[in-house]
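Residue numbers (this note's numbering), protein chains in the order written: chain A, 14 to 290; chain B, 105 to 546.
The hints are simulated quantities; they were obtained by calculation from the structure and are not laboratory data. Keep in mind it's a predicted model, so treat the numbers as computed, not measured. Treat the hints with care, since some could be wrong.
[What the hints assert, rightly or not] Now the stretches of chain B that chain A is said to cover, found in silico as 3 or more residues with beta-carbon under 8 Å:
(1) 134-146
(2) 181-188
(3) 334-343
Glycine is no exception: its CB is placed at the ideal position from the N, C-alpha and C atoms.
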Amino acid sequence: MARAVPTRTKWFNTATAGTLGFLMFFPILWILILSFKTEEDAIRAPLEVLFASDWTTQSYGAVQERSDYFKHFMNSVTISVGSTLLGLIIAIPAAWAMAFVPAKRTKDVLMWMLSTKMLPPVGVLIPIYLIFRDFGLLDTRVGLTFVLMMINLPIIIWMLYTYFKEIPGEILEAARMDGATLREEVIYVLTPMAIPGMASTVLLNIILAWNEAFWSLQLTSSDAAPLTQFIASYSSPEGLFYAKLSAASIMAIAPILIMGWFSQKQLVRGLTFGAVK
Amino acid sequence: MNVKRKLLASAATIAGLASLSSIAAAEEITIATVNNADMIVMQKLAPKWEEATGNTINWVVLEENVLRQRTTTDIATGGGSFDIMFIGAYETPIWGAKGWLTPLDDFADDADYDLEDIFQLVRNGLSADGSLYAVPLYSETSFTFYRTDVFEKAGVEAPTEQPTYDEFAEMVAKVHDPDNGIYGTCQRGKAGWGENMAFIGPLANAFGAKWFDMDWQPQLDSEEWNNAITYYVDLMNNYGPPGASANGHNENRALFKDGKCATWVDATSAANDVRNPNTSSVADVTDFFQAPKQVTSNGTGWFWSWALAIPASSKKADVAKDFLKWGTSKEYYEMVGESEGWVAVPSGTRASVHEDARLLEAAPFAETIKQAIFSVDPANPTKDPVPYTGVQFVAIPEFQGIGNYVGQQIAAALTGQATVEDALANSQKFAVREMTKAGYIK
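Could you put together the complete structure from these sequences and hints?
And the structure:
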C-alpha cells in the first residue's frame, strides 16, 4: 500500500523540483532568447534583453550564411552513431563473457577498463596525434569515430555488463539445452531480453559522442569537423558575437535535445533497469 | 575537310589540356583563424582570390585559446593540417626560431607587395634571427578610451600629454558616478595571460616592475610589483564596475559601448567598433589619449599583431604565400575600404594605408593609433634592462603557464580572496619553480 504523503509536502516537493529544474534549464533558455536578438541587444542588461528589444532571426541567417551547418550536422551524426554501433559490436561479446562466464580476474579487468577513463585526455594527445598523422587519419570521420568509440567503450561495457548480470543465467542454459549455438544464444535470447538496457546505452553514448569536444576539436579541421567545432567557430575573445554564438549553440544542441526528448522514456527505463527486484 | 578536322581536333586538345592544367594547378588550402572582426571580413573577401587563382580555401575558425592549443599541437608534431595560420606576436618569434614556420624573406623581392611599407616595428615583432616569419593583418597597442561628455560634465580636462597613473586615478575619481550608472573605469579582471595580464603587464612596467632580472630570476615579489597591483586593486574596487573580476575585453567593450564606463585602457583595434554609430551608443562622445605612465613611460602600451604564417609542414607553401601576399597587400586594404567602409580597414600595419586620406576622413583617430603604436618598443619594455622582449608578455614558451597563474592570483586579490602580498608571493614561488624546471635558473 502506498504511503500517504501530506498535501503540503507534495506541494513543497513539486515546487522544489520545479525550481531546480528551471534553474538547470535556465542557461539553455537564455541562450535561446539571445539567439533571437541582434548583437547589440544581446549585450544589454537582462531585463532590457527581455522587454525592451525586438525579436529577430537574423543571427540564424548569418550563421547559416557563413557556415555549412548541414556538413557539420552530418559529421556529428556519422561520428556519434558510428562510434556507438562500433562500440556495441565489441562490447556485447565482452559484457556477455564477463557476466556469464566470469573468470577469477573479471572484476579487475572491469576496474582496469574504467581506470582508462580517469586519465586526462590531454595526457595522450601527442601520441594519438602522431599516430593519426602517420596513418593519415587527421581530419577523417573514420579516425574520429574510432577514437570516440575507444573512449566510450568502457562505459558501454560497464552498462551492458550491469544489464546482463540482471538476466538469469538459467534462461541461457535452457536455450543451450534446446540446442542453441553461442551465436543464437546471444542474438535470439540475450539481446531481446536486454533491449531496454541496450537502448539506453546506445542513447547515452550517442549523447556523449555528440557533445564530445576535446578530441573533435583536436583531430579535425574541416572535412570531418562536427557540430562542436561549428559552435567553437563563433566564440571570440575580441568582438561581440553572443547572438550568433547562441544561435549556433541552439542549432547544434537542437537535434540531440529533440532526440533525448522523444526517447526519455526509454532512457529512464534503461537507466533504472534492474534497480527494483 | 581533313584540315578542318585537324584544326578541330587541335582546338579540342588545347582546350582539354588547358582545362586539365587548370585542374592540376588548383589547390585547396586550409587556414586556421580566430573569429575576430577583421578575419571575418577576410573570409568574406577571400572568394575574390579563389576566383582569380582557381584555388579554394577551407576556413577553420576557432576560439583563440582553442586555436592556440590546436595549432601548437599540429605545428610541434608536423601534422600538416594547416597551410596558413593566424598567429600572434607572441608565438611568431618563438615558433620561427624553432624552425616551425616558413621564412617569408622573399617577400622583400616583390616590388608590388612593397614589404618596406609595413611598419618596421611590426616586422621586427614578427621576425626571429633576422628572418620574417609572418605578415600582419592588423597590429594594435593599448590606449585610453574616454567619454568626452562625462569628462566635460565633471569639469575634467582630458590630458594632451601622457598622464601618470596617479593623475589617471584622480580623473577617474572625479568622473565616477555609479548613481547614474557610470563607473570611473573599466579594466580587465578576468584571469589569463591574454586577459587581465594584458592590462596588468604594461601597468607593472609603468611602475618600474619587471618579470625577470638579467639573470632570469623572477621579480614578482618586488616592491614595484606590489605598488602596481595595490594600485590596480584599489582603483578597481573604488571606481570599477561590480563583478570586475569576471570582465575581459569583450565584457568591458560591451560596458563601454553601452555607456557604463568613463574610461577604459584597452586595444586600439576596438576603436573602430566603439566609434561606429551602428554598434555603439557612445560613438560620438568617445575620444582617446595615451595609456598612462608612472615612474617610466617604457612599456606602458602593449604591442600585439595578428599575422598570417605558413607552417613548415605545409606542402602547399607556394599557394599559401600567394594568399598571404593577397591578404596583406595594399590592394586588399583598398578592397576592405571599398566593401566595408574605410573605418573598418585594419590598422597598424601599412604606412600607405595610414596616410590614405579616405582613412583619415572616416577614422580621424587612425593617426592617434599610429602614434601610439610608434611609441611602443617591445625590445625595451621596462625601466631597467631585461633579458627578454615583449611588453605585455615575455617572449619565452614558459610565459603562458606563468602568466596564467599570476593572472589567477591577481584576480583572487581583486575579489578579496587573497591579499596582494600573498598573491605576489604565490606568483613568485610559481615562477621560480617553472623557471628552474625550464633550466633558466638553478
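*Hint by hint, which ones does the structure fall short of?*
Hint 3 is the one this structure does not satisfy, whereas the remaining hints hold.
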